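Novice: These are the residues of each chain, in order.
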Amino acid sequence: MTATGATASPRRRWRVSEETRWAFIFLLPWIIGFLIFTAGPMIASLYLSFTDYNVIRPPDPVGLENYEQLMRDRRIPLSLVNTAVYAGLNVPATIIISLALAMLLLRVGRAAGFFRNVFYLPNLTPAVAVGTLYLLLLSGNGLLNRIIGVFGIDGPNWLTDPSWAKQGIVIMSLWTLGSTVIIYFAALKNVPVELYEAAKIDGASAWQQFRNITVPFISGALFFTLIVNTIASLQIFAEVFTMFFTTRSGPAQDSALFYTIYLFQKAFQDLDMGYASAMAWLLFVIILVITLIQVRLSRRFVYYAGEGG
Amino acid sequence: MQTGGVGGAPPPTSMTAAAPPQALTARRGEARTPASIASQAVYLVALFGATLVFVFPFVWLLSASLKTRTDVFSNELFPLPLHFENYVQIFQIVPLAGWFTNSTIVSVLAAVTVTISSALVAFGFAYFRFPGRNILFGLVLASMMLPGAVMMIPNFLIWNALGQVNSPTFAPLWAGNLFGSAFYIFLLRQFFLGLPREVFEAARVDGANYLRMFWSIAVPLTRAALIVVFIFELKAAWTDLMRPLIFLRDLSLFTLPQGLNYLVTIFNPQAGGQGQFQLVMAASVLITAPMIIVFFFAQRYFIEGIATTGSKG
Numbered sequence: 006m007t008a009t010g011a012t013a014s015p016r017r018r019w020r021v022s023e024e025t026r027w028a029f030i031f032l033l034p035w036i037i038g039f040l041i042f043t044a045g046p047m048i049a050s051l052y053l054s055f056t057d058y059n060v061i062r063p064p065d066p067v068g069l070e071n072y073e074q075l076m077r078d079r080r081i082p083l084s085l086v087n088t089a090v091y092a093g094l095n096v097p098a099t100i101i102i103s104l105a106l107a108m109l110l111l112r113v114g115r116a117a118g119f120f121r122n123v124f125y126l127p128n129l130t131p132a133v134a135v136g137t138l139y140l141l142l143l144s145g146n147g148l149l150n151r152i153i154g155v156f157g158i159d160g161p162n163w164l165t166d167p168s169w170a171k172q173g174i175v176i177m178s179l180w181t182l183g184s185t186v187i188i189y190f191a192a193l194k195n196v197p198v199e200l201y202e203a204a205k206i207d208g209a210s211a212w213q214q215f216r217n218i219t220v221p222f223i224s225g226a227l228f229f230t231l232i233v234n235t236i237a238s239l240q241i242f243a244e245v246f247t248m249f250f251t252t253r254s255g256p257a258q259d260s261a262l263f264y265t266i267y268l269f270q271k272a273f274q275d276l277d278m279g280y281a282s283a284m285a286w287l288l289f290v291i292i293l294v295i296t297l298i299q300v301r302l303s304r305r306f307v308y309y310a311g312e313g314g
Numbered sequence: 034m035q036t037g038g039v040g041g042a043p044p045p046t047s048m049t050a051a052a053p054p055q056a057l058t059a060r061r062g063e064a065r066t067p068a069s070i071a072s073q074a075v076y077l078v079a080l081f082g083a084t085l086v087f088v089f090p091f092v093w094l095l096s097a098s099l100k101t102r103t104d105v106f107s108n109e110l111f112p113l114p115l116h117f118e119n120y121v122q123i124f125q126i127v128p129l130a131g132w133f134t135n136s137t138i139v140s141v142l143a144a145v146t147v148t149i150s151s152a153l154v155a156f157g158f159a160y161f162r163f164p165g166r167n168i169l170f171g172l173v174l175a176s177m178m179l180p181g182a183v184m185m186i187p188n189f190l191i192w193n194a195l196g197q198v199n200s201p202t203f204a205p206l207w208a209g210n211l212f213g214s215a216f217y218i219f220l221l222r223q224f225f226l227g228l229p230r231e232v233f234e235a236a237r238v239d240g241a242n243y244l245r246m247f248w249s250i251a252v253p254l255t256r257a258a259l260i261v262v263f264i265f266e267l268k269a270a271w272t273d274l275m276r277p278l279i280f281l282r283d284l285s286l287f288t289l290p291q292g293l294n295y296l297v298t299i300f301n302p303q304a305g306g307q308g309q310f311q312l313v314m315a316a317s318v319l320i321t322a323p324m325i326i327v328f329f330f331a332q333r334y335f336i337e338g339i340a341t342t343g344s345k346g
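Residue numbers (our numbering), protein chains in the order written: chain B, 6 to 314; chain P, 34 to 346.
Among these hints, one or two may not hold up.
Said to hold, decoys possible - Here chain B is said to cover these stretches of chain P; the calculated rule only asks that three of the stretch's residues, wherever they fall, bring their Cβ under 8 angstroms from a Cβ of chain B:
| # | segment |
| --- | --- |
| 1 | 167–178 |
| 2 | 272–281 |
What the hints assert, rightly or not - Simulated coverage check for chain B against chain P, where a stretch passes if three residues somewhere in it have a Cβ under 8 angstroms from a Cβ of chain P:
| # | segment |
| --- | --- |
| 3 | 177–186 |
| 4 | 218–232 |
What the hints contain is simulated information worked out from the structure, not anything from laboratory work.
Because the structure is a prediction, the values reported are computed rather than measured.
Glycine included, C-beta positions come from ideal geometry on N, C-alpha and C.
Build the full structure now, drawing on both the sequences and the hints.
Specialist: Structure, rendered in structure tokens:
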């Protein structure tokens, strides 16, 4: 490519070239935003996590007290386990069902576009409205229990039974898996058909074709959706807040208390900003560690088509 | 995300729906034998079944919004007479029209500002060569990983200090977008990198300055990607609950999701409310409908936008 900058630099290194000046004009919005809304807040939030702060009085440094309280607060492990169980159910289920639907789409030719768009419709529903709708569908005598009742199953009240609340929330979340289907469908269309034909001639079974052709070819999309869905699941908020936490207390609240909800309550309902900042940093570290592990795994398993070596 | 090299990133996949036609035609060519026609039928039936699962909740929502207060939890689909007056009543009970206006203002401002600012920054990263570029772009990628919940408290404190909490400017809900958003910068940069450099060099010779070049060459050539950014942000702002909950207090300033959440607090029978759940359902229909309409007109951009983000991972 061209090298405008190269001609300007040798003699007067300290002088900023015209190109550099222009570059920073274009970058200026982001640089300002990064300092004010990202870097600054991160430092502030780290500082606040070592203070007692309720917005009204100035922050009062308390050393490690908030972090010690994190260890003692029983609602921390409770909300972490709730979140982990939810993510552990939701992410694999989302991936498996989306992949199955995308593979079905691939087999119906032109009709695929219609079905794909229909599957995406629930994603357009604002999370709060998803919550209100499922307050209706998941109630004791709601639609879901009516349907499974046809098969002779006596469904629980998904909204009040603590041992079924999370499963209910997973069912609700699966309704909005359409964007994952879109990603898989796009990836599957790029798998060369000749590979399957060659495999068939070699007598490979359907499972072998799936395992050795499909999965490697769409592994990039699989890992992308794994990471994105995991991060999103760990931060689920709006639907569950509307369904379970618009009341002061509820029978299934302990079961639906996800980490972000507890963080929100501590920060903006109890105004315990110092403690909530410590909670936010714990969440940040957890998400960072999980993402790094997933990225590591992806280096091992993801096959990038056309990558030389 | 393994690229990040100097100008060596792969060109973006095309935004036109020219996806590999061979894959489909080859399969369609096969589908002539009775056995394959039968299996085709099985697939279609399975997909129609799935369609029912995805669409029926919408039908149920619509049905519930037209029921009476006592029938709303019943399992009858569209019992007659239909109570369209629910949709009138909801506007009388809460300032729903105002919430619509607020949500529209916030969403449009958020989408317009983030599209322009992200495009500027993305162009800066894609076109220019300057010291520190890779480090700065690395920061963009890193800030993409930051969970939103972590930034919420400090952001609240900033806007609080600026006197913008519960303000009719709605600044906390959109003004941050004036500074670009990491994910959109990343996405748009890929598209700008895909433009052949010659189109710019020709303009340089003609004496166009960089801003003109951006505006009259880069922007028109990446229109599709810019529309994707716009509608993604429009949807994100339209559906967001947490920010309004944090920043807005007066009923008259609420956005739609926040208002709907408020309706649940006053009407949810499980909350000991008056149990006017049919009104909650009517409001849910009204808040969902605009996004469905936007989707109807911009399907291509939604679908290709999502597919593209998936392939950029």
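Novice: Under a C-beta cut-off of less than 8 angstroms, do 3 or more residues of the segment 177–186 of chain B approach chain P closely enough to confirm the stated coverage?
Specialist: holds (count 3)
Novice: Okay, the segment 167–178 of chain P and chain B, do three or more residues pass the C-beta test at under 8 angstroms?
Specialist: holds (count 5)
Novice: Given that the segment 218–232 of chain B was listed as covered by chain P, double-check it with a C-beta distance under 8 angstroms for 3 or more residues.
Specialist: It holds: at least three residues are needed, and the segment 218–232 of chain B offers 6 whose Cβ sits within less than 8 angstroms of chain P.
Novice: State whether the coverage of the segment 272–281 of chain P by chain B holds or is violated, taking the criterion as 3 or more residues with Cβ-Cβ distances under 8 angstroms.
Specialist: Answer holds; 6 residues pass the 8 angstroms Cβ test.
No hint from the list above goes unmet by this structure.
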